[in-house]
Amino acid sequence: MAKERKKIDRRWVFLLIFIGVAIPLIVKIGLPVETSKNVEMVYNLVENTPEESTVLISFDYDPASMPELHPMGKAILKHCFRKNINVIFTAMWPMGVQMAEDLIDQLQVEFPQIKYGEDYVNLGFKAGGMVTIQSMGKDLTKIFPEDMYGTPIDELPIMDGIKNFNNIMFVFSLSAGSPGIKEWVQIVHDKFNKPTSGGCTGVSAPAILPYVNEQQQLTGLLAGMKAAAEYEYMIGAPSTATSGMDAQSIAHFIIIIFIAIGNINYWRAKKSNEKDGL
Amino acid sequence: MLGFFNILGIWLGALFTFAIFSFLYKDNPFYKTAEHIFVGLSAGYWFIYTIYSILIPNLYNPLTSNISKNWILLIPAILGIMMLLRLIPKFDWISRYPIALIIGTTSGVFLLRYLKSDVINQLTATLINPFSSGDWVEVVGKFMLIFGTLTGVIYFYFSKKHTGTFGATAKIGIYFLMISFGAAFGYTAMARISLLIGRLQFLLGDWLGLISP
Amino acid sequence: MKRKLPLVITFSIGVLLIISEFIPHKPFGTLSGELEEWFLIISGFAIILGQLSLFKVNLFKVRFKQKDWQFSIVTLISFVIMVGFGLLWGTENSSGIFGNGSSIIQLIGDKPFDYLFHNVYQHLQATMFSLLAFFIASAAYRAFIGRTIESNLLLIAAVLVMLGNTTLGGFLTSWLPESLKFLHLPELKQFIMTYPTTAGQRAIMIGTGLGIIGSSLRIILGIERSYLGGK
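Chains as they are written, first to last, in the working numbering: chain W, 106 to 383; chain X, 25 to 237; chain A, 51 to 281.
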């Protein structure tokens, strides 16, 4: 009978991962964060946006992706508010509305001067994905006749002169899937020729990366918690993503050790089978 | 009272977190209950937000405030109600008309957008001059990008048998796809661990007060 | 009438939207703009349909005492509570039947709908997805075996990307001299992502893009009709 690889109860693996993540959160190592090109591109996009201009940030995620996308959103908003850039919030996911509200609640402590309706506005959730985004590009007021609080958008000072994407400097999507960053690229950049950028979960990052190309379909990309930590580092405001980096390191290290053990067991079993003439 | 509800909220969060984590030991009624609460709340949330974010501002308000100007919105309103008739088996065929509109719109938009963004623009982004940079690492990389994309596309061409030169080219395409799947696994691992970090930041921070961000 | 008219609608609308891309003036531009607005409203009804359908399925499960029907009661109660709270006191940004809910906010700190969202729903969903962290570690042990060239490429790319995506990866190779900087783990990860991974993903993107274009054409031309149902 061929020898099988040693089987371990997977609950031991679960326990190790749990401990491997928990301990570095309590006992911090604080390894330095290095920045990457895609994150620098996003940073430069915000940095080179003129003061008092308007950008659109879409919250296309829900609590399932909060640890990755919330710190990104917070860092980007901080950067925008520091630079006096006006921000329009939208959401292609219904829970994105609450995500935006949560971030604003947190940031109002640091930026007490920002005023709703003047420096930022929450236009809320709309369904319809790509078709709705295309319609926004033609006439924003048709899709958003009023903001989340029921105020007609013509009465909001921030919306003065904002008719469609032509009046917006760039669009940034915090995206956990579809509709999200892909749809924004396809419409905002590829149809209306406006800079588009975004942050996405690690899971969707490889599929979005082809848009970061010489045509700049996507201007940079924040991919997962590591990119969020890099952005926090770049704006000098370490927060939850930075404090999670040690745990991320240890957990990845544990997974790599498991891969190594799995392979060693496989090769040992294979060698032993060959020896036994099986 | 406010403080009580704040603390209760955190404890509720912790309780439900552990109820879901209990699945790691084995499936159990606590997990199942939490799972079904999740489904119910999720559906309720979508229901309410759709009413407050779409049906009231985009349909009800324009119709009630100025019907003579916005009467045309009666058409999607009727189509929407026709869509709801899908719930009644006897009349479910009526929902085909709004579905036809949705499908027709989606097809028309998708055809053009995917053609431009995912086919034409991707091919343009691939057919680049690999020697445009002086750095040898970038030159090698750009060659890989061009070669990998073309061989990958060849792999997906199944109308011709993968033998001979064509088969060998497709095989190289598989190698590139494998690297990209490996990288995707790496990113997926990062994403999943991030979610666990988020949970433990809540348990160790908000609940137990052992850490601060 | 029951099948032909929907096909005519799909064809006309699909063609209209394609024409409006090239002739964005009246009447095509106006019509396509109108259709996009209708799309949003009908999508809203479609979401409502989805939630009502879930309610109906669970109600049937309870009524006919199907397997695990007790848990369906939990789903139904949670749904009714969330919808009830939302309708009565509204959400963070909207008023409900009872107005803006200022007295209840003074009592519990939030509107009941938002209280449930922040303290129950948010945690349930976040934890549900975080379970995958454990399973991915277990899967790595079981499935990531370098048996062939393909699986070795998969494994090596995964390990390098995992290391490159951490601060530990940068720390491990920080001693490398400038001439070997391309072997620095974050740089190596960047290289893998920018070139071979993008190549593979782009091939998939072009393939699926062509697939979507083909499907859209089949739908518009009435060759693909499965969306109309079997009857």
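Bear in mind the hints are in silico, worked out from the structure with no lab data behind them.
Just to be clear, a hint being listed does not mean it is correct.
As the list claims (entries may be wrong) - Looking from chain A toward chain W, a few residues come up when the C-beta cut is under 10 Å (computed):
{"hint": "1", "residue": "S62"}
{"hint": "2", "residue": "L102"}
{"hint": "3", "residue": "S152"}
{"hint": "4", "residue": "L174"}
{"hint": "5", "residue": "A176"}
{"hint": "6", "residue": "S188"}
{"hint": "7", "residue": "G196"}
{"hint": "8", "residue": "E200"}
{"hint": "9", "residue": "T216"}
{"hint": "10", "residue": "Q240"}
{"hint": "11", "residue": "T244"}
{"hint": "12", "residue": "T248"}
{"hint": "13", "residue": "E274"}
Unchecked claim - Here are some chain A residues the structure puts well away from chain X; computed CB gaps all over 12 Å:
{"hint": "14", "residue": "H75"}
{"hint": "15", "residue": "H173"}
{"hint": "16", "residue": "P227"}
Glycine residues also receive a C-beta, built at the ideal position from the N, C-alpha and C atoms.
Results of checking the hints against the structure:
no.: 1; hint: S62; in the structure: violated, 16 Å
no.: 2; hint: L102; in the structure: violated, 16 Å
no.: 3; hint: S152; in the structure: violated, 14 Å
no.: 4; hint: L174; in the structure: holds, 8 Å
no.: 5; hint: A176; in the structure: holds, 5 Å
no.: 6; hint: S188; in the structure: holds, 4 Å
no.: 7; hint: G196; in the structure: holds, 6 Å
no.: 8; hint: E200; in the structure: violated, 15 Å
no.: 9; hint: T216; in the structure: holds, 4 Å
no.: 10; hint: Q240; in the structure: holds, 6 Å
no.: 11; hint: T244; in the structure: holds, 8 Å
no.: 12; hint: T248; in the structure: holds, 5 Å
no.: 13; hint: E274; in the structure: violated, 19 Å
no.: 14; hint: H75; in the structure: holds, 17 Å
no.: 15; hint: H173; in the structure: violated, 4 Å
no.: 16; hint: P227; in the structure: holds, 15 Å
In this structure, the hints that do not hold are numbers 1, 2, 3, 8, 13, 15, in rising order.
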